[in-house]
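Protein chains in written order, with our numbering: chain B, 2 to 384; chain X, 323 to 652; chain L, 21 to 325.
In short, the hints are calculated from the structure, not lab data.
Watch out, some of these pointers could steer you wrong.
Calculated pairs, EDC-like style, for lysine to aspartate or glutamate (alpha carbon to alpha carbon, straight line, at most 16 Å) [unchecked claim]:
hint	chain 1	residue 1	chain 2	residue 2
1	B	271	B	373
2	B	122	X	348
3	B	170	B	199
4	B	211	L	250
5	B	208	X	561
6	B	221	L	24
7	B	343	B	357
8	B	208	L	250
9	X	499	X	512
Read off the chains here:
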Amino acid sequence: MQLTRKKFLATTAASGAAIGFPAIIGAAPEPIRIGSIPPLTGSNALLGEQEHDGVLLAVEQINARPGKVYDDRPFVIVEEDATNDNQSAVSALNKMLGENVVAIVNPVLSTQIQAMAPVMKDQVIPWMTGGTAVKNMQLGVPGAFRLRASDAITAAAITNFIVGEKKAKKVAILHASDAFGTGGAEQIVINLKKHGLDPIVDLQYPKDAKDYTAEILRIKQSGADALAMYVQNPSDTAVILQQIRSLNLTCPIVGSPSLANTTAIQTAGKNANGAYAAVDFIVGMNSNIATHFLTSFYNRFHKQPDVGSGSGWVFDAVNLLAYVYKQQRSTDPKQTIASLEKIRNWEGVLGAHTADAEHNMVHTVSIGQINDGNFALVKKVTG
Amino acid sequence: MTLRRRAGFGALLIALLCLPLVVHSDYVLNVADIAGIYAIAVLGLGILLGFAGQLSLAQAAFFGIGAYASGYLTVHWGWPVLPSMAVATVFSGLIGLGLGWPCLRLSGHYLALATIGFGIITQLVLINWTSVTNGSDGMTGIPPPQIGPLTLSTYGQYYYLVLASLAICTYVAWRIKSTRPGRALQAIRENELAASATGIDPTHYKIVAFVLAGAYAGLAGALLAHSIKFLSPDSYSFDQSVIFLVMLIVGGSGSIGGAILGAVLLTFLPEVLRPLKSSYIMVYGAAVIAMVIFMPRGLAGLFDAATQRRRPQTTQPLATPAHPVEAKSA
Amino acid sequence: MSFDPVANLQLLVSGLAIGSIYALVALGFVLIYNAVGVVNFAQGDFVMFPSYVAISFLLPSIAVFGTIVHWQLPLLLVYAVVLVLMVGFGLLFTRVAYYPLRDRGWMPVVIATIGVSIFLRNLAQLVWGSQPQVMPSPFSVQTIALGPLQVRPQDLLIIGVTALLIVFQYFLFERTMLGKQMRATAQDRDAARLIGIRVGRIVTITFVYSVLLGTISGLLVAPIFTVTKEMGALIALKAFAASIVGGFGSIPGAIIGGLAIGVIETFGGFYISTAYVDAIAFVILIVVLVVRPQGLFGERVGEKA
Chain B
2 MQLTRKKFLA
12 TTAASGAAIG
22 FPAIIGAAPE
32 PIRIGSIPPL
42 TGSNALLGEQ
52 EHDGVLLAVE
62 QINARPGKVY
72 DDRPFVIVEE
82 DATNDNQSAV
92 SALNKMLGEN
102 VVAIVNPVLS
112 TQIQAMAPVM
122 KDQVIPWMTG
132 GTAVKNMQLG
142 VPGAFRLRAS
152 DAITAAAITN
162 FIVGEKKAKK
172 VAILHASDAF
182 GTGGAEQIVI
192 NLKKHGLDPI
202 VDLQYPKDAK
212 DYTAEILRIK
222 QSGADALAMY
232 VQNPSDTAVI
242 LQQIRSLNLT
252 CPIVGSPSLA
262 NTTAIQTAGK
272 NANGAYAAVD
282 FIVGMNSNIA
292 THFLTSFYNR
302 FHKQPDVGSG
312 SGWVFDAVNL
322 LAYVYKQQRS
332 TDPKQTIASL
342 EKIRNWEGVL
352 GAHTADAEHN
362 MVHTVSIGQI
372 NDGNFALVKK
382 VTG
Chain X
323 MTLRRRAGFG
333 ALLIALLCLP
343 LVVHSDYVLN
353 VADIAGIYAI
363 AVLGLGILLG
373 FAGQLSLAQA
383 AFFGIGAYAS
393 GYLTVHWGWP
403 VLPSMAVATV
413 FSGLIGLGLG
423 WPCLRLSGHY
433 LALATIGFGI
443 ITQLVLINWT
453 SVTNGSDGMT
463 GIPPPQIGPL
473 TLSTYGQYYY
483 LVLASLAICT
493 YVAWRIKSTR
503 PGRALQAIRE
513 NELAASATGI
523 DPTHYKIVAF
533 VLAGAYAGLA
543 GALLAHSIKF
553 LSPDSYSFDQ
563 SVIFLVMLIV
573 GGSGSIGGAI
583 LGAVLLTFLP
593 EVLRPLKSSY
603 IMVYGAAVIA
613 MVIFMPRGLA
623 GLFDAATQRR
633 RPQTTQPLAT
643 PAHPVEAKSA
Chain L
21 MSFDPVANLQ
31 LLVSGLAIGS
41 IYALVALGFV
51 LIYNAVGVVN
61 FAQGDFVMFP
71 SYVAISFLLP
81 SIAVFGTIVH
91 WQLPLLLVYA
101 VVLVLMVGFG
111 LLFTRVAYYP
121 LRDRGWMPVV
131 IATIGVSIFL
141 RNLAQLVWGS
151 QPQVMPSPFS
161 VQTIALGPLQ
171 VRPQDLLIIG
181 VTALLIVFQY
191 FLFERTMLGK
201 QMRATAQDRD
211 AARLIGIRVG
221 RIVTITFVYS
231 VLLGTISGLL
241 VAPIFTVTKE
251 MGALIALKAF
261 AASIVGGFGS
271 IPGAIIGGLA
281 IGVIETFGGF
291 YISTAYVDAI
301 AFVILIVVLV
311 VRPQGLFGER
321 VGEKA
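Chain B with its partners taken away, still in its complex shape:
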């Protein structure tokens, strides 16, 4: 074949393109690896499932938009199972730290966070946590951030509502024996003291208790005019509410965020009517972002999200990271931590996020009331 000029140019162009094309575009955009350590097995598997789903939804949505995170770089989830054992959670963390992640989302369990803290102390990497125990952010971990309202804020809201709005003087407390329950109850006692009050009765039930007759009768007997509940487990919540109704305890009930969990409300059914809860999220607040989250979650997973403690905050965590990465056009951990510290009024599912000195992001809590399966806003509280 004769090498015509045209053919020569065409061949050169083609070869040049073949060689140069990758160089022009660059290699395929490097994925951004974020780690997630939910408790996928063990007694907190329900929470773990929600967190897994929340992270997945956020990543899928971000990867579907033009530009993805930035410069067409997608998120890649690196997930490990925290189980419900402290040392297994720490092993999961160590495994993850060897897998080149630029940020870690989870856990939400405060005991796991505290177990992981000694390891994370030596890491300069953004760590988006959801645990509400006040101590979590006081452990000297430079990259740790909290994306939910702490127990201090929630308990203050509950107490102020009970004493302020409901004018109660004899407040009973019922809580689970786990870290969440005890920590929350402690905060309520602290806040009651600020009003010059002590709880009329402070009851703790053991982890697997199934019958609450004794507790409820004690509360009745004490003449309490309000009940503060700090119960994390939705099935416990459902049984407690049912027995409260059947034993005819009529004082107002104000509970921790888990009382308003979709699962808890659904499982408790009619028995939840009239109960109040302090939550970091309410339907109707922040309409666009929240509604979009609720709808897309339902469409994707065919079930309602547990917004507060489960899927909502991780969704915010991933989106906040994406926001920061896009702004700085980099995933450098140190820079990211500095940027996160400067966040002011970033809107997420859980409302406005502003970083304070202890790296807490969410400061607003609302009191809502359950009626016929719906949870409606009663009062907004800023902590």
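With chain B's structure known, arrange chains X and L on it following the hints.
Relative to chain B, chains X and L alone:
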């Protein structure tokens, strides 16, 4: 011991000593530390169950007692770590005495249930005695051990502490097994009535076994506490005692090597199975059933069979010792 | 605290209800123990698993293996279906966990039942997910007022069904040939074999009957507990404790022990401390074991071959 076996052990020892030098992954070293710690606890159970035939499901309770004792001494009283661990070990052993003594007349299911009850009560105390344990909130700020100017702050450094402890515990167990007390324990396991007829005082030996099991588990708990530097009561449940039991059975009850092997294997197994995500624990449960059915002598028994040693068997097939009377009244 | 008769009656009713569940599960333990000398650590999961199966057919929609199914069937039919399925399950369990190990004494079988328990719990999570489920109550009202007392109808049902089962148990063992064969096998297997009883068959029947007792407990208790994979765990341990307090190996002992523990626990929670409620059962247990190991109703001395 034959020259071949000595060489084998020597090679193993050298390999173990060199592990942190060769492996740099924090993750692997972390898991190795935990495996060694569990091996100590399982070895303790092996003395009580494997040698003496007493089914105790309270090992997790001592694991917790040792952990919190050492944690408390170092955090609240500012003691240095290594002496705290030693005291915690002794303390757990004494609690083991406290459990063993009332249980002397019990055997079989009764003993098992009493130990289960003890375990549950212990966990409740850990949860509720908040002034000492800080309850469910957990105990933070537990310091790492210091040897002279060196702080054992990395998993690799801690590994040597665990290895040294395990070596001592193994040696003690081996000495017991190959001398008179060991044979006495095994005689008691096989047939307590007959053993006492030959002049062995079962009470004395059973108490010793309970004390050792408690002490070993306490030491293991203390070691774990100063590695993770955080404690919470939910780790010390009945389920954890079951895990120790399963490790012993899989490894080969009655065998020292078996106890260690079972612990190491079943610590690494869930890590290896991590990719299976939620299904791994079902695989675990099914594997337990399969092993009990098909490998009655545990892994150590398999090893024995494979090397076709003509020495007397070190492991017992997992079967119930014959007790003439299930429950004894006073 | 002043003595409030209404409150105490309330506590009694709740205590008897939860005690009945303990009694039924304890009965299941004792039957298996008497027959083959083994304690079945999976007994609690025999309460949990059929509950899950039942709700799969009772709820208008439920996720099974991740996909939503709508298999809703009428209540009584579901009860029947579940009982039949669990008979099959009992046969499978006997074949897998007991049969291969039957000559090796109790310890291997105990470990195998522990394995079954772990397996079942996680199978439940795999199939139905971690969401706690609500089993619809057979009643349309939440409480019934008996004078000043507010009682859950389900509690009354539990107590009633348990009473019926106890009567049934008595007739079975005292008045039927099958019952007598079961008792003979439990007493001395070799002797039973010698007089022509088909021991293998009787053992299998005993296991299946125990599974059914667990199933009935599950169907009774699920509407008030919510169905989770952990629901059987603590019930089983307490039932085990109850059977020892009552006298291990004794059927009336298991029942009385279960009821007693339920009532004492409930009153103890009210008068002493709600936090240590679980400890109450086990402290009683340890005291009984140390002071009177044969329990309230003594036990048969003698080891099975």
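Checked hints:
| no. | hint | result |
| --- | --- | --- |
| 1 | 271/B / 373/B | holds, 6 Å |
| 2 | 122/B / 348/X | holds, 15 Å |
| 3 | 170/B / 199/B | holds, 9 Å |
| 4 | 211/B / 250/L | holds, 11 Å |
| 5 | 208/B / 561/X | holds, 14 Å |
| 6 | 221/B / 24/L | holds, 11 Å |
| 7 | 343/B / 357/B | holds, 9 Å |
| 8 | 208/B / 250/L | holds, 11 Å |
| 9 | 499/X / 512/X | holds, 15 Å |
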